[in-house]
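K.L.:
Listed below are the residues making up each chain.
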Amino acid sequence: MNKLFLPALLALILSACSSTGDTPATVEDRTGSMTSSGQAAGDGKPAGGTETTGLGDAGVKGSALDGSGSYAGDPRKDPASPLSKRSIYFDFDSFVVKDEFRPALEAHAAYLLSKRDAKVVLQGNTDERGSREYNLALGQKRAEAVRKVLVVLGVSDGQLEAVSFGEEKPRNEADTEEAFAENRRVDVVYADE
Amino acid sequence: MLRAVFLFPLLCLALLSAPFSAHAVMEIQVVGGAANQIALAMLPFQVAPGQPSPKLEQIAGDDLKRSGQFNLIDVGGAQSPADLAQVDPGVWRGKGAEALVVGQVVAAPNGRFEVRFRLLDAIKQTQLAGYSFTISAGQWRATAHQIADIIYEKLTGTRGAFGSRIAYVQKQGKRFELKVADADGQNPRTVVRSGEPLISPVFSPDGSNLAYVSFEDKKPVVYVQSLRDGGRRKVAAFKGSNSAPAWTPDGKRLAVVLTRDEASQIYLINADGSGLTRLTRGGNIDTEPVFSPDGQTVYFTSDRGGSPQIYRVAASGGDPKRLTFSGSYNVSPAISPDGRFLAYIGREDGRFRVMLHELANGQTRVLTDSARDESPSFAPNGQAVLYATVQGGQGVLGTVSLDGKTRARLSESGVDAREPAWGP
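So the protein lines, in turn, are chains A and B. Quick note: the first sequence, position 93, residue 214 per the numbering used here, numbers continuous. Quick note: the second sequence, position 111, residue 609 per the numbering used here, numbers continuous.
With the rest of the complex left out, here is chain A:
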């Protein structure tokens, strides 16, 4: 048991020490199927989904931090790289990809061009106001807008899937304008992460 447990513990400690706040991995955990593990911990309930998936991610991060100063791991997780920027935010009722997100999308395009087997899902989100199904379509429109930027930058359509979560997976559940702004976004999620 110890043999299995120690590396995971180490990884946890490492990742906790190195935490830079809002890391991309956190984003994906919130939107992906692993929600149950995080939520089980939060609720303190013995939910069936309390598997060790969270520890696995932490292990990857821990090993990546070995080289002091220089980043030896997955470039997509280097906090200094534009690849670590995974969220594209939108104005109210808008589908326009703003210029400030251009560098991040160019970096993702370059990565996808260099790794033809890599695939990303572009997850569109909206704020909570209005019809759920209409918001699903709005989120899709945002995801499509990001997909088109990546296609223009040369990424193969087969590497991209635009989907929508509509208003169903808010990053911030508060009923404020700030929360709404945080929820109007597209997340770039790599299939192998």
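What the hints contain is simulated information worked out from the structure, not anything from laboratory work. Possibly wrong hints are sitting among the right ones.
The calculated lysine to any residue pairs, modelled on SDA-like cross-linking and capped at a C-alpha distance of 25 Å, are [claimed, not checked]:
hint, chain 1, residue 1, chain 2, residue 2
1, B, Lys716, A, Ala201
2, B, Lys716, A, Asp220
3, B, Lys553, B, Ala635
4, B, Lys737, A, Ser215
5, B, Lys672, B, Gly912
6, A, Lys240, B, Lys553
7, B, Lys716, A, Val242
8, B, Lys669, A, Glu299
9, A, Lys269, B, Lys716
Note that this is a predicted model, so its numbers are computed, not measured.
Keeping the supplied structure of chain A fixed, place chain B upon it in accordance with the hints.
P.N.:
Just chain B now, kept in the frame of chain A:
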């Protein structure tokens, strides 16, 4: 008859494990003068000593009150007589009743019960209906709803919908449960549990299946699930998002919204997932399809005019025609079973409310007075609209009569309910 009870043999497990919350006090709000209400006296059903006392008259009475068409007069502690033929309707006429209901419950062999009731015309002093049901102990509520349906139909001429069912999604923390309940919101049974969102449930026309959207595959996918055995299949899981299922009136096909070719567009697909054809075209959003009762027309929401509005198009294709013009946000169409009315959600001054639009003349009225209404759907008899709204920061379900004068809250407090659909 009592079909709901037999439809869920396998769901009994879910029922047993579900927290059986106490019966909530139903809130019924009457707005403005409710004219032409029928004055009805419902005498408590006589129950032999030592027998269960299921308060059938209260369950049926609440059903009738929720319709807004009945005024239940105070019976002042009176009981149904042991011999139902012994009641004198004339006495109740003197107390203002136009009609009178009496009933009793007696033990039947094999642990079953016989429920008898009579509906009497207090003015003409004649019997309008008399029924006997032999039921098991699990069928009290279903029997009460059936009694309410009989009373409603005899006195209004329109068939009742109290014995029908609703589906909705309940959110608890980050868990989602798709539930099926009686039309009064009671007797909820969970048919899907998920750690990911569930939206857009809709009953097949015969009530045997639910179509819905689940996010369990990290994207929206349309499922069809049998209510009988809980078996389900993916009907639409194409690249991109799959959502907004709507059944054709014959239950053989579904309209769904897919993004496989471009922005959200409406497609038709067989209920087994075969035979995909595309209905709408263009790079705009087309979503929330719903069929007219004759299956010839599809109503839907589109932003092709610059803002979301309701349109209709022939189910065989063609040019869509816009139906809503007032306001910049009109979504979520629902069509009454007789095809006369369109209910939808309209935004005015930042408030989202249930609107009713008469298709023949375009007259539109606001049915609700809340601010965050969603997901309207008609009762199977077309006499009320079920919708979701927000009260005290929490999702609740409500019904409103077509004149907007009677609103009732169905769901209990402390339960975050949304995405309701009214079924057969």
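K.L.:
Does each hint hold? Answer for all of them.
P.N.:
Quick rundown of the hints versus the structure:
With a C-alpha separation of about 28 Å, the suggested pairing of B:Lys716 with A:Ala201 is violated against the 25 Å cut-off. Simply put, B:Lys716 and A:Asp220 have alpha-carbon atoms about 28 Å apart, too far for the 25 Å limit, and the pair is violated. Annotation: proposed proximity of B:Lys553 to B:Ala635 holds, straight-line Cα distance about 13 Å (limit 25 Å). Proposed proximity of B:Lys737 and A:Ser215 is supported: the alpha carbons are some 24 Å apart, at most 25 Å.
This hinted pair checks out: B:Lys672 and B:Gly912 have alpha carbons roughly 15 Å apart, not beyond 25 Å. Between A:Lys240 and B:Lys553 the alpha-carbon distance is near 61 Å, which puts this suggested pair outside the 25 Å criterion. Proximity of B:Lys716 to A:Val242 is assessed by CA-CA distance (about 9 Å); at most 25 Å being required, the pair is judged to hold. For the given pair, B:Lys669 sits about 23 Å from A:Glu299 by alpha-carbon distance, which is consistent with the 25 Å threshold.
Only pairs whose Cα atoms come within 25 Å are accepted, and A:Lys269 paired with B:Lys716 is accepted, the gap being roughly 21 Å.
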